[in-house]
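These are the residues of each chain, in order.
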Amino acid sequence: MIMRMLLRCSLLLSFLLLSGCSTLKPGGMFAIDEVKPWHKALLAEERMQLNPYPLENSADQKIYYSRESANGGQGVGGGGCGCN
Amino acid sequence: MQLEDKKLPSTPSVRNALMVATCTVLSGSLSPASAEEEETTLSRLGLSTFYYSEENRVSVNTTHVAVENDLGDETIVRANLVYDTITGASPNGRIIPAQASGGSIPFTSASGFSVNVNSNGETGQRWLTAFTDKRAAIDLSLEKPLARMVKGTLEGSYSSENDFTSYGAAGTVAWDLHQRNTTITGGLGVLEESVSPRSGTPKGLAISNCNDTPAALASRPAWANCNITSPRFGNGEKRVIDSVIGITHVLNQRTVTQLNYSYGVSLGYLTDPYKFISVVNYELDAEEVIILYENRPDERARNSLYWKTVSQLSPKKVVDFSYRYFWDDWGIKSHTFDYKYRYDYAPRNYLQPHIRYNLQSSADFFQKAIDASVDSLPQYASADYRLGKLATYSIGIKYGKELGVNGLFAMRAEYIIQSYSGVELPNMRALVYQGTFTFKF
Chain A
1 MIMRMLLRCS
11 LLLSFLLLSG
21 CSTLKPGGMF
31 AIDEVKPWHK
41 ALLAEERMQL
51 NPYPLENSAD
61 QKIYYSRESA
71 NGGQGVGGGG
81 CGCN
Chain B
85 MQLEDKKLPS
95 TPSVRNALMV
105 ATCTVLSGSL
115 SPASAEEEET
125 TLSRLGLSTF
135 YYSEENRVSV
145 NTTHVAVEND
155 LGDETIVRAN
165 LVYDTITGAS
175 PNGRIIPAQA
185 SGGSIPFTSA
195 SGFSVNVNSN
205 GETGQRWLTA
215 FTDKRAAIDL
225 SLEKPLARMV
235 KGTLEGSYSS
245 ENDFTSYGAA
255 GTVAWDLHQR
265 NTTITGGLGV
275 LEESVSPRSG
285 TPKGLAISNC
295 NDTPAALASR
305 PAWANCNITS
315 PRFGNGEKRV
325 IDSVIGITHV
335 LNQRTVTQLN
345 YSYGVSLGYL
355 TDPYKFISVV
365 NYELDAEEVI
375 ILYENRPDER
385 ARNSLYWKTV
395 SQLSPKKVVD
405 FSYRYFWDDW
415 GIKSHTFDYK
425 YRYDYAPRNY
435 LQPHIRYNLQ
445 SSADFFQKAI
455 DASVDSLPQY
465 ASADYRLGKL
475 ATYSIGIKYG
485 KELGVNGLFA
495 MRAEYIIQSY
505 SGVELPNMRA
515 LVYQGTFTFK
525 F
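Protein chains in written order, with our numbering: chain A, 1 to 84; chain B, 85 to 525.
Chain A with its partners taken away, still in its complex shape:
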């Protein structure tokens, strides 16, 4: 029960953090700017990729595929498993 409360609080704090990140300008991280190719140095960093850690993502996908009914969403491909 304590664990659940802790996780729910963490989730709520995360949302607050996300929505409250108006650090630089209105809209915060969701501000829409025209981005020129030479402005993309940050976005080219590995940590800014949509799947920056594929080895970990692959392991997580398998865990939750075998323990939950919902799966997918990130794309197509990858092998199946008869996970029990």
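None of these hints come from the bench; they were simulated from the model.
The beta carbon of each residue, even a glycine, is placed where N, CA and C say it ideally should be.
There could be a bad hint or two in this list.
Short derived list, chain B residues pointing at chain A, Cβ under 10 Å [to be verified]:
hint, residue
1, V161
2, N164
3, S174
4, T213
5, R264
6, E277
7, I500
Computed beta-carbon distance windows for the label pairs [what the hints assert, rightly or not]:
hint, chain 1, residue 1, chain 2, residue 2, range
8, A, F30, B, R513, 42 to 48 Å
9, B, K485, A, H39, 26 to 32 Å
10, B, G284, A, A31, 26 to 32 Å
Position chain B relative to chain A; hints supplied.
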């Protein structure tokens, strides 16, 4: 040719430098929407060792080797090799015995299927089936430009377990727009899978075992004939087709976001041949009267909406947030939130806390047991906890360190709790450890 007649204006060197930089970037390999830069011109080797352990249930050891090689001209080949060893016990769908009866009741088998009913029952663990398995998987892909702003990826996969085989093929096309600030992605994948239990696949909702106690015999339903051996068939074959269409957009210099819609269908043998459903007499201390094999529909249509955003809050802080809404025609709906917060607390070192939350509703045909007083059986029934209402909470921490110029080491630990509303299973608790090493050369 007309350009040759034009002279470059005699402008300041800064302006020329910008023009050169622009042309270089536009003609180069930079793909801002997916934000892969010069690194894709390198080869990579990734190694991972992964340990997953559920309390009193399943343990999995995984070794994963990933290789990526740039053949030049933006053509990249990737290979993934995975080897799993799996041991432990998994809930099989049977109800947990009531305290009073303890589960040490005499059962007779109607099928000859090698499920150990009594020995597990005596320890009160008859709701678990012990098993061991090994899985080897290989995945190969080729990424290649199809046009100046379009690239395609072809992928083939194969995996094999003692009783399960999967062949897969997938193709993805990504089209960059608006100075590569937007990428439209479409993909299609097909899996051909086969499950091959040693004794064959059972007939859905056929009898596996019957309780022979006098009280159970007296309350045995009229539709149950325990004197006939249930039929068994060959391998269970299924085809899984998945499609995805998505848009990725660079919102600003620090944020990239993605929205995907996925649609998939599964056709064929979708029942789990190792899962049971208990027929219980609620007037007899809710004790099992009969054990049936579960039965699921042979079609399933799945949908999901997936949204992900990665943003740099400050030079040291990056957040990675995703939400997925999933629904299918079995009646399952699911919400999944995932949040990672990377903090580069020192040069070349970072910590990354992670939380994940999944809430799932149950399938229409899910029930924890069948009441022995019913006149006839439903068409479909499953007591597999994964089709029931459940919630999964995960919390973890990762430490990463750059090794030299080209190496990266990371280790992480996660704690997972899964709780159930539709079945009386104890919460599942699991620990995950993973170490990864990536080297570019």
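Verification of the hints:
1. V161: violated (14 Å)
2. N164: holds (7 Å)
3. S174: Holds - the Cβ of B:S174 comes within 10 Å of chain A, reaching about 5 Å at its closest.
4. T213: Cβ of B:T213 sits 8 Å from chain A, so the hint holds.
5. R264: Nearest chain A Cβ about 7 Å off; hint holds.
6. E277: Since the shortest Cβ distance to chain A is 5 Å, the answer is holds.
7. I500: Constraint on B:I500 satisfied, holds at 7 Å.
8. A:F30 x B:R513: 42 to 48 Å: 36 Å Cβ-Cβ, so the 42 to 48 Å window is violated.
9. B:K485 x A:H39: 26 to 32 Å: Between B:K485 and A:H39, where Cβ atoms are some 29 Å apart, the hint holds.
10. B:G284 x A:A31: 26 to 32 Å: violated (60 Å)
When the structure is compared with the earlier hints, violations turn up for hints 1, 8 and 10 and for no others.
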